[in-house]
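> Add chain B to chain A, keeping to what the hints say.
Taken in sequence, the protein lines are chains A and B.
Going by the numbering used here, the first residue of the first sequence is number 1, and it counts up by one from there.
Going by the numbering used here, the first residue of the second sequence is number 1, and it counts up by one from there.
Any given hint could be a false lead.
The following residues of chain A were derived to be distant from chain B, with all beta-carbon distances above 10 angstroms [what the hints assert, rightly or not]: (1) E202; (2) F259; (3) G287.
With beta-carbon atoms standing in for the labels, derived distance ranges [stated by the list, open to error]: (4) P403/B - D169/A: 31 to 39 angstroms; (5) A580/B - D169/A: 30 to 38 angstroms; (6) D511/B - A160/A: 38 to 46 angstroms.
No wet-lab data here; the hints were simulated from the structure.
Where a beta carbon is used, it is the ideal one built from N, C-alpha and C, also for glycine.
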Amino acid sequence: MDPLEPVVTPSQTPAEPLRVAAESSSALEELATLDREPDVEAWRVRWLGRRSQLALALRGLGRLPASERAAAGRALNQAKKELTEGCRNRLAELREQATRRLGALDVSLPGRPLPRGGLHPITLTERAVVAAFAAMGFHVIEGPEVELDYYNFEALRIPADHPARDAMDTFWLAPPEGADARRSRPLLLRTHTSPNQIRFMEANDPPIRLIAPGRTYRNEATDATHEWMITQTEVLAVDRGLTLAHLKGTLYEFARRLFGEDREIRFRCDYFPFVEPGVEVSVSSPGGWIEILGAGMVHPEILARMGYDPEAYTGFAAGLGVERIAMLRHGIRDIRRFYENDLRFLRQF
Amino acid sequence: MRVPLSWLESLVPLPEDIPALAHRLTLAGLEVTDIERVGGEWKGVVVGRVLEVRPHPGADRLRLVTVDRGDGAQTVVCGAPNVAAGQDIAFAGVGAVLTDPRTGKPRRLKKSRIRGVVSGGMVCSEAELGLSGEHAGILVLEDAPAAGTPLADVLGDRVLVFDLTPNRADALSIVGVAREVAALTGARLRLPETGVAATGPEIAGRAGIEVAAPDLCHRFTLALIEDVRIGPSPAWMQERLAAAGMRPISNLVDITNYVMLELGQPVHAFDADRVRDRRILVRRAEPGESLTTLDGRERKLDPDRLVIADPSGPIALAGVMGGIETEVTDETRNILLEVANFQPTSVRRTARAFDLFSDAARRFAWGLPPQLAPLASARVCRLLAELAGGRVAEGLLDYWPEPEGPVHVRLRRSRIPQVLGMEVPPAAVEDSLRRLGFGVESVSGSDASRPDGAVCVNVPYWRRDVRAPDDLVEEVARITGYDDLPAAPIEGAVPRHPRLPARELRERVRDLGADAGLFEVQTYSLVSAEDLAAVLPPESLASPPPLRVENPLGRARDTLRTSILPGLFRAAALNLDRGARSVRLFEVGRVYRPLADDRDGRPAEEERAVALMAGVRPDRFGSPTTESLDFFDLKATLERVLDGLRLEARFRPIERFGMLPGRTAAVDIARQTIGFLGQAHPDTAGFFGVGVETCVWELDLSRVLGLAPDAGAPVAAAPLPRHPSASEDFAFVVGPGVLAADLAGEVSSHPLVVEARIFDDYPLEREGARSLGVAVRYQAPNRTLAEKDLVKVRRTILKRVKRRFGAVVRGAPGARPARP
Chain A
1 MDPLEPVVTP SQTPAEPLRV AAESSSALEE LATLDREPDV EAWRVRWLGR
51 RSQLALALRG LGRLPASERA AAGRALNQAK KELTEGCRNR LAELREQATR
101 RLGALDVSLP GRPLPRGGLH PITLTERAVV AAFAAMGFHV IEGPEVELDY
151 YNFEALRIPA DHPARDAMDT FWLAPPEGAD ARRSRPLLLR THTSPNQIRF
201 MEANDPPIRL IAPGRTYRNE ATDATHEWMI TQTEVLAVDR GLTLAHLKGT
251 LYEFARRLFG EDREIRFRCD YFPFVEPGVE VSVSSPGGWI EILGAGMVHP
301 EILARMGYDP EAYTGFAAGL GVERIAMLRH GIRDIRRFYE NDLRFLRQF
Chain B
1 MRVPLSWLES LVPLPEDIPA LAHRLTLAGL EVTDIERVGG EWKGVVVGRV
51 LEVRPHPGAD RLRLVTVDRG DGAQTVVCGA PNVAAGQDIA FAGVGAVLTD
101 PRTGKPRRLK KSRIRGVVSG GMVCSEAELG LSGEHAGILV LEDAPAAGTP
151 LADVLGDRVL VFDLTPNRAD ALSIVGVARE VAALTGARLR LPETGVAATG
201 PEIAGRAGIE VAAPDLCHRF TLALIEDVRI GPSPAWMQER LAAAGMRPIS
251 NLVDITNYVM LELGQPVHAF DADRVRDRRI LVRRAEPGES LTTLDGRERK
301 LDPDRLVIAD PSGPIALAGV MGGIETEVTD ETRNILLEVA NFQPTSVRRT
351 ARAFDLFSDA ARRFAWGLPP QLAPLASARV CRLLAELAGG RVAEGLLDYW
401 PEPEGPVHVR LRRSRIPQVL GMEVPPAAVE DSLRRLGFGV ESVSGSDASR
451 PDGAVCVNVP YWRRDVRAPD DLVEEVARIT GYDDLPAAPI EGAVPRHPRL
501 PARELRERVR DLGADAGLFE VQTYSLVSAE DLAAVLPPES LASPPPLRVE
551 NPLGRARDTL RTSILPGLFR AAALNLDRGA RSVRLFEVGR VYRPLADDRD
601 GRPAEEERAV ALMAGVRPDR FGSPTTESLD FFDLKATLER VLDGLRLEAR
651 FRPIERFGML PGRTAAVDIA RQTIGFLGQA HPDTAGFFGV GVETCVWELD
701 LSRVLGLAPD AGAPVAAAPL PRHPSASEDF AFVVGPGVLA ADLAGEVSSH
751 PLVVEARIFD DYPLEREGAR SLGVAVRYQA PNRTLAEKDL VKVRRTILKR
801 VKRRFGAVVR GAPGARPARP
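Excised from the complex, chain A in its bound form (with noise of 0.2 angstroms):
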C-alpha cells in the first residue's frame, strides 16, 4: 500500500471535467518548484495516478452527456499530456543537475593506499636468467648448499691442496657435537653451483641441458665488488659432437637476451680445473667489455669418470654470477646493497 495515495472515497462524486483540466496549469507550477526526485514522484502520483483527480475524471467521461464528453475529453486528455511530459521534463532536469553535481570531484588527488609489494633484484634477475636459457632448451635444477668435499672440489678435479682452492676460500663447517671424528667428514657451504654438475651427471645419462641456480658463499672481505654470498647460475650441456662455438653461441644468445641486441660475446684464455679449454667471457657494452663468467669444455676427466665415453661426448659448463649480472643491467655500483635490503633501494625493482 503507497502511503503517497490520496485516499479517495467512492461514493464522492467526479469533479468537474473542465476545472479538472484547469487546474493542472496550477499542477506545473507546483512542479516546477519541486527539486527533490521524491518530491516530484508524490506530485505524479497526486496528479497522474490512478486515484488522481485528472483519472477519476477521466473515468467519469462516459458518465457525461455526450455533449460534454468529445470536450471534456479533449480538455482532459490534453491535461494529461501536459503534466506526463512536464514531470518527466522535471526529472530528467533534476537528474541532470544531480548528475553535474556529482562530477565536482578534484581528479588531481591521491588514490586510496594500496600497497604495492615487490620481488628482489636477484630474484627478477635470476628468473631472467633461468628463462633466458629455458628457450634454448635448458631446465633447472637445484642442489644443496652444504656440500661435501667430494662434489665441491675433488670431483671437479680440486683435489686436498690443490692450489685453486686458494682462490676459492671456503667456510668449512665445525663437526656437529659429539661427532665421530673418523667416520664425519668435513662440510663446507658450497663455493660455487659446479657440485650441481657431478650431482646430475652421477644420476642421469646424456643428452644433458641443465641450469643451477643457487647460493654459494666466500670466505672473504666485503667491499663494493665482493660479497661473501653470492646467487650463482651453473649451466651445463653434454651431448655428442657439442664444442666450444655451441658455448659461444649459447652465451651470446643469453647475452642479448640480458644485455640486448647488438651484443658480442668474447672469450680468453682462462684457467678452471674442471674445464678443458677454460675461457673468461666478456661482453660487449659501450663503455668496452665486461667480464661476466668463467666458463669451458667440461674437462674429459670427469666425463670420463661419470661414465660417459669422453670420445663421443663433449660438454660445455658455465658459472655466472647473477649479482654481477644485476649489477651491469640495473647500473648498480655497490654488490653489498643486494643483502642490506633497503626499501629504498628494493623499490626500484
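This is chain B only, laid out in the frame that chain A set:
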C-alpha cells in the same frame, strides 16, 4: 706478479704498442691487470749537465749551480754536498711536479729566492723523484744521454702486473713471460746465461746432503761458493728488483731473489760456516722441534713439516722460509746454495699452517719442474762469481732419484674441431705449438696432414700443466686466438625436463607475497647464535644444535640459520632506523635443519616463507596515522598467499616462543600445522630493535608442498549453480573462548549451507561474552529451497551451535531470497 718491461726486453724484443701486447697476453691466459709506470711521469724533469759550481754569497752550506738543461743554462741554489761540475743530474724546471721529501706528497716547483739569490729550478735527489728515501745528496746519472732528454726516458720503466692462474707456474717468472711473448709475437727468445766456470775445489767431500723424506723432496741440489764479498748489488739489479716489488738488500740476497724472479725457481743461500759440518739433511721435523724463521718468529714444528736440517737441528722450513741462524749476513764468506724441488702439497700446507705465503712457497705450491733446479743453481753461481767475487766449487751435489723423462702427448687432428667447433690448419697447429717450445712430430703410419691423422707432441719440461690432448687443443686455441671462433646455436633433441615442484611452489609464493603488498628481501644464510636464540626455543637449538662455521667472518655470521626470522627482523630494524614509517617484508628461502641421524652430517635444507609487518597504517592520503599496522593487516597477506595457493587454513591459538601469548596462531591445514602467525613478544621486538606491534608469519613450504594443489595440473571447472540460494543473517551470543571461525565452520558444515561468513563481532556487557554476526547462504544443487527446508536447516544449525558452543541467537532471523 710484476714484470718490469726493461727486464723483459732483455730477454725478448718487445713491440712498440705495449697495451696491445698486454691485451694479447691477457687473451692468451696471462692476465695483465695493470701497466704501471715506475717513478711516475716526471713532468718537466730532464737530464741536466752541471757546468759550474760556485759558493753561495749569503750561505756557507749552499752553492750556486749552473746547469745545461738542453735548451740553455740555468742557475739554481743547491744544498747537496755531492754536486760537482761535469755530473749528469736530474734537473727539474719551474712548474715540474716533484715528491716533497718531508710529506711524500706531490708538489709543484715554483721560482723561489733563497738567501737573496733567485733559484729557477732544482737539482733532484732520489727522494724528490720518488725513487727512494735518499735525500742527503743529489742523484747522479750514469751513462746519461744528452742534456734536455726527459728523465722518464732514462730512468722510466713500466711494469706489467699479472694476475696469473695456478696452472701456469711457468709464467711466475720473467723468462716464462718472455717465452709467452715470443710465442705470441714470433720474436726470438734470449735466455739468460747459465754457464759458469768452476774456480774452486771439488764440492764432493766438503759438503753433503741426505734426503730422508723422498716423498716430499723430489730433487735437491747443493752448490758451494766460497770467498764471496758482500756489498750492494749493482744499480741495474737493484732497479729491476725494486720495480718487481722486492727490496734490494745485499748482493748475496739480491742475486737469489733475482734468479727466483728471472727463472721462477726459488733458491736459498745458507751461510756455509753456520751450517754444522756443511751437512744438509732433508727430513720431517720431529715432535717438539722449533725453528726461528728469517722474520724473527719462532715456529713450533711437527712431523707434518718438511725441514732442512743440519746435524744440530732444523735450519729452514723447506720451500717456505729460511732460518735466522744460518741466514746470510754481512760476515758471510762462504755460501751453501740450495736449489730444490719440493712436493707442492707439503709446501702449501706448511705455508698455510704458518700463514707464510712467501714468493718461494707460492712457486713450489703451484708445482715446479725438477729440471729447473740445476739451471737456477748455475745461474746463481754465475752471478755470485760475477758480482760478488765468489769462487764456485767444482761440481754440484744433486739428489734426484727418479729423473723424469720427456712427456709425449698424441693429438688426433680431428680432436681440434671436435672440441673447438672450428678447423685450425695443420700448419697453424704446428706453428703455435713449436713457438711455445713443444716438439711436434708426425706419428709413424699416420699422415699428419689428414684430418684423421695424428701428431706426437713433445711437451717441454716447464709446461707441467699440459698432459692430455685437450690441453694441446687449448694451447693451439689460445695462441691462434678465440676471435675467429664461430658462435653456433646449440642443436639436437632437447633433453627431458623433470619438474621441480619445490621450486615451482617457491616462485609462486614469491609472486603471491609481492601481490599481497609485501616486498621481498633476501637475507644472509649465516646469522648469529644469539639472533636465533631470540626467536627459537632453547630446546630447538639444542638437539641437535644448528650447524656452525668453523672459520666465520665474525660472531654475527657463524651459524647456519634454522629460521629466517632473525634476518627479517634485522632488515625491518634497518629500514625503520633509516626512516621508513612502515615495513611490509617477506623472504622465501632455505633454512638448514640439522639432522641427528644423517650419516654424512648434512642438514635438511628446507624452504620457508616468512613475512613481517611493522609500523603505522597510512590514512586515505597515504600519510602515517597514529594507528599501528596490526595482526589483521598482516593476516590479510597470509590469507592472500594461501588463497592464491588454493588452500584454506584454520587459525588456532597457540603459545610459541618469542611470540605474544593470546596473539599467536598456528596455521593448520587438514589437521597439519604448516606455520604460524602472530605478534612478536615485546622482548623479541625489543631485542631486534623494532616496534612493539611487529607481526610475523611463517610457512613451512616443505609441508605446504604436499597440501597445495599442483599449479601445473588443470583445474576441473565446476558447473555454476542452477537453483537460487537464500540468505539470512544470525547474531549469536557466545561466551569466552569460542572462536568465530569455529562457529562459522560449524554452521557451514551443514550440507545445505554453501557459505557462512563472519560479518560482525562486538563485545557484550557480560564479561567475555560477545555477539558474532554470521551471514549464511543456503543452496541445494538440485532444487529451489522452500521455506519448510529453511526452517529445518535453521533448527539444525541452532541446535548444533548451542550444543557445541553454548551459542544462542539474538532476535528472530528471517531468510531473504537471493539470486543463485
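> Please go over all the hints and tell whether each is borne out by the structure.
Verification of the hints:
1. E202: Check passes; 15 angstroms lies beyond 10 angstroms.
2. F259: holds, 15 angstroms
3. G287: holds, 16 angstroms
4. P403/B - D169/A: 31 to 39 angstroms: holds, 37 angstroms
5. A580/B - D169/A: 30 to 38 angstroms: Between A580/B and D169/A, where Cβ atoms are some 35 angstroms apart, the hint holds.
6. D511/B - A160/A: 38 to 46 angstroms: Hint holds: Cβ distance 44 angstroms, inside 38 to 46 angstroms.
Going through the hint list in order, the structure satisfies each hint without exception.
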